[in-house]
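2 protein chains.
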Amino acid sequence: MSRPLSPTVAACPVPSTPTATVLLAHGGGGRLTHKLVDELFLPAFANPLLTPLHDGAVLDLGSARLAFSTDSFVVKPLFFPGGDIGSLAVYGTVNDLAMCGARPLALSAGYILEEGLGLETLTRVVASMAAAARRAGVAIVTGDTKVVDRGKGDQIFINTAGVGLIPPQVEIAPRRATVGDVILLSGDIARHGVTILSQREGLAFETTLESDAAPLADLVATLVATEPSALHVLRDPTRGGVATALCEIAAAAQVGVQIDERAVVVRDPVRGACEMLGLDPLYVANEGKLLAVVARDAADRLLEAMRKHPDGAEAARIGEIVAEHRGKVVMNSQIGARRVVEMMSGEQLPRIC
Amino acid sequence: MSRPLSPTVAACPVPSTPTATVLLAHGGGGRLTHKLVDELFLPAFANPLLTPLHDGAVLDLGSARLAFSTDSFVVKPLFFPGGDIGSLAVYGTVNDLAMCGARPLALSAGYILEEGLGLETLTRVVASMAAAARRAGVAIVTGDTKVVDRGKGDQIFINTAGVGLIPPQVEIAPRRATVGDVILLSGDIARHGVTILSQREGLAFETTLESDAAPLADLVATLVATEPSALHVLRDPTRGGVATALCEIAAAAQVGVQIDERAVVVRDPVRGACEMLGLDPLYVANEGKLLAVVARDAADRLLEAMRKHPDGAEAARIGEIVAEHRGKVVMNSQIGARRVVEMMSGEQLPRIC
Numbered sequence: 032m033s034r035p036l037s038p039t040v041a042a043c044p045v046p047s048t049p050t051a052t053v054l055l056a057h058g059g060g061g062r063l064t065h066k067l068v069d070e071l072f073l074p075a076f077a078n079p080l081l082t083p084l085h086d087g088a089v090l091d092l093g094s095a096r097l098a099f100s101t102d103s104f105v106v107k108p109l110f111f112p113g114g115d116i117g118s119l120a121v122y123g124t125v126n127d128l129a130m131c132g133a134r135p136l137a138l139s140a141g142y143i144l145e146e147g148l149g150l151e152t153l154t155r156v157v158a159s160m161a162a163a164a165r166r167a168g169v170a171i172v173t174g175d176t177k178v179v180d181r182g183k184g185d186q187i188f189i190n191t192a193g194v195g196l197i198p199p200q201v202e203i204a205p206r207r208a209t210v211g212d213v214i215l216l217s218g219d220i221a222r223h224g225v226t227i228l229s230q231r232e233g234l235a236f237e238t239t240l241e242s243d244a245a246p247l248a249d250l251v252a253t254l255v256a257t258e259p260s261a262l263h264v265l266r267d268p269t270r271g272g273v274a275t276a277l278c279e280i281a282a283a284a285q286v287g288v289q290i291d292e293r294a295v296v297v298r299d300p301v302r303g304a305c306e307m308l309g310l311d312p313l314y315v316a317n318e319g320k321l322l323a324v325v326a327r328d329a330a331d332r333l334l335e336a337m338r339k340h341p342d343g344a345e346a347a348r349i350g351e352i353v354a355e356h357r358g359k360v361v362m363n364s365q366i367g368a369r370r371v372v373e374m375m376s377g378e379q380l381p382r383i384c
Numbered sequence: 032m033s034r035p036l037s038p039t040v041a042a043c044p045v046p047s048t049p050t051a052t053v054l055l056a057h058g059g060g061g062r063l064t065h066k067l068v069d070e071l072f073l074p075a076f077a078n079p080l081l082t083p084l085h086d087g088a089v090l091d092l093g094s095a096r097l098a099f100s101t102d103s104f105v106v107k108p109l110f111f112p113g114g115d116i117g118s119l120a121v122y123g124t125v126n127d128l129a130m131c132g133a134r135p136l137a138l139s140a141g142y143i144l145e146e147g148l149g150l151e152t153l154t155r156v157v158a159s160m161a162a163a164a165r166r167a168g169v170a171i172v173t174g175d176t177k178v179v180d181r182g183k184g185d186q187i188f189i190n191t192a193g194v195g196l197i198p199p200q201v202e203i204a205p206r207r208a209t210v211g212d213v214i215l216l217s218g219d220i221a222r223h224g225v226t227i228l229s230q231r232e233g234l235a236f237e238t239t240l241e242s243d244a245a246p247l248a249d250l251v252a253t254l255v256a257t258e259p260s261a262l263h264v265l266r267d268p269t270r271g272g273v274a275t276a277l278c279e280i281a282a283a284a285q286v287g288v289q290i291d292e293r294a295v296v297v298r299d300p301v302r303g304a305c306e307m308l309g310l311d312p313l314y315v316a317n318e319g320k321l322l323a324v325v326a327r328d329a330a331d332r333l334l335e336a337m338r339k340h341p342d343g344a345e346a347a348r349i350g351e352i353v354a355e356h357r358g359k360v361v362m363n364s365q366i367g368a369r370r371v372v373e374m375m376s377g378e379q380l381p382r383i384c
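Protein chains in written order, with my numbering: chain A, 32 to 384; chain B, 32 to 384.
If we strip away everything but chain A, and leave its shape as in the complex, we get:
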């Protein structure tokens, strides 16, 4: 879920005029988030440890390779069908580590609490984090709590950071997407984002939507056990959705991405809600689904392994990496037309994670 520091150092270090301000879209995972990262954070922090992985950094300790990632969670409402800010804070960072191919070892938890928050609410969130950590097989080993004055926060913000160990033979990075590779998607999309939105004030749907937020580390471990060297790229399509994740891969590897809309599963209630709201499910955030760009000769075996795993039962082959339209994502639509899929440009769904 993080949008960390990738190594592309931008040419223009000064981001803006003095009067420019932060917009909600700067946190949306789309174009403005990329602009902030590329123009402000990267030039400042440029250093040799910045890695080509989008979901976490890899530290080589000599004897071991460590994945390291962080995410803050500001989701609103705190509780929603299928999860809450606590479970999301655990899965978000576990999944970022998993997208490096790592087995998560330990998480930290940093709380920023608003004065006046009910301790009962905090207790519920903490219990949910503990349960999520058990489900993900990871320990929360260190933490921190700050309290800000009433009206200067919004109940609870949680940051989690995590460390994980990367098994030998695993070498996952967006730039490894290679012409001929096959793109797998572990299940249906957009459920998490649409569920959060349906819970927002003033929006109610008749259908019962439930977030599919889940930890992906075990599914990744299964893929690693099946064919570690065939795993070229892993991404969980969170903010900005599947569309933005694929655009990032196309840009990082300078390859063409071609996908087939009919292969991308969107459940009927999710599609209905998206239509009602004017949202394209391809841009809606997920937390519990992954994209895998894999070597063609191992694709069938990896797809089969995914489908045998409970978290990948509906996995599908949705496209491939091509030599044409490098840097771009092109989709064959339901009706047979071809269209270019752009990176999300605004903020579809603020505070979705």
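Incorrect hints may have been included.
Note that identical chains are pooled: a pair holds if it fits in a single copy or bridges any two copies.
As a list, the in silico DSS-like pairs of lysine-lysine whose alpha-carbon atoms are at most 30 Å apart [claimed, not checked]:
{"id": "1", "residue 1": "Lys107", "residue 2": "Lys339"}
{"id": "2", "residue 1": "Lys359", "residue 2": "Lys66"}
{"id": "3", "residue 1": "Lys183", "residue 2": "Lys359"}
{"id": "4", "residue 1": "Lys183", "residue 2": "Lys66"}
{"id": "5", "residue 1": "Lys66", "residue 2": "Lys339"}
{"id": "6", "residue 1": "Lys359", "residue 2": "Lys107"}
{"id": "7", "residue 1": "Lys339", "residue 2": "Lys183"}
It is worth saying that the hints were derived from the structure and are not from the lab.
Could you slot chain B onto chain A? The hints should help.
This is chain B only, laid out in the frame that chain A set:
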């Protein structure tokens, strides 16, 4: 600066009545923070990796020992003489790692920005973080940015997490404080906390106070190089000050702590400001000073090594670990009286870090 999860599992898992709410003092580092950790976080997260270190967790990777720590920063104002939220966010986590005896390797940075924040302000903070990271010899390798709606945050909150490597022979933990050990303090106290407070709206002092926030990793590396096995406990006395840090050591090791008030240096302008505000400097937060509990036979060598280092030039021996009054801190005061030093009970200085 963190007050993480120590392994003491409390007997009473339910923290409060449903109507109880979070108070500013829950984030103050004193009694209420301890209560929250002991009664709410620890029972929920209890797991074998929880460590006896107060400033970070230690992960044994087999081939290496990794320190892992996190802290969120909500300091107000964002900029103050001697530093800002950015430098503090770097030094705070670097120092937590150093207090495990570790050499910091890498930091993450998680931003929670309020919609409408000036990008110029963000740019200044990020530049300051980058400079602080260079000074501390650590790389910021991964990050995340979230934006919350206007009025739901307070300009910028920053979380940093960090990982570091613990050299062989280093075994630092509060429980290692042993009767006969000597207590060293690396310099004068209370400057950071009083500087922040002096900047708060409505409070102005005629004296020029400046925060002494600084990275302590290099000073710790010097101590480790001098006599690694003699370093029993390291603590940076942040929230709750020197008094609370010593109370935590006395409680964790079940030893008596005896200190001499005359040996604890408080600069005149700091003392003056504390008197004006009715603050006891012993409870005021520091960021850039450390307490070391060391084996008696190595104390002189370690003190000399500290004094030769620019960040420990004013280091002093301030007390010792004794067999009497176990679990308590007793101070011989300036006027020759003896008094028990209690853990901070309320919130002296909200949003000091």
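Results of checking the hints against the structure:
{"no.": "1", "hint": "Lys107 - Lys339", "verdict": "neither (34 Å within a copy, 52 Å between copies)"}
{"no.": "2", "hint": "Lys359 - Lys66", "verdict": "within (18 Å within a copy, 54 Å between copies)"}
{"no.": "3", "hint": "Lys183 - Lys359", "verdict": "neither (41 Å within a copy, 37 Å between copies)"}
{"no.": "4", "hint": "Lys183 - Lys66", "verdict": "both (27 Å within a copy, 23 Å between copies)"}
{"no.": "5", "hint": "Lys66 - Lys339", "verdict": "neither (40 Å within a copy, 45 Å between copies)"}
{"no.": "6", "hint": "Lys359 - Lys107", "verdict": "neither (33 Å within a copy, 44 Å between copies)"}
{"no.": "7", "hint": "Lys339 - Lys183", "verdict": "neither (47 Å within a copy, 44 Å between copies)"}
In the structure shown, a violation is registered for the earlier hints numbered 1, 3, 5, 6 and 7, in ascending order.
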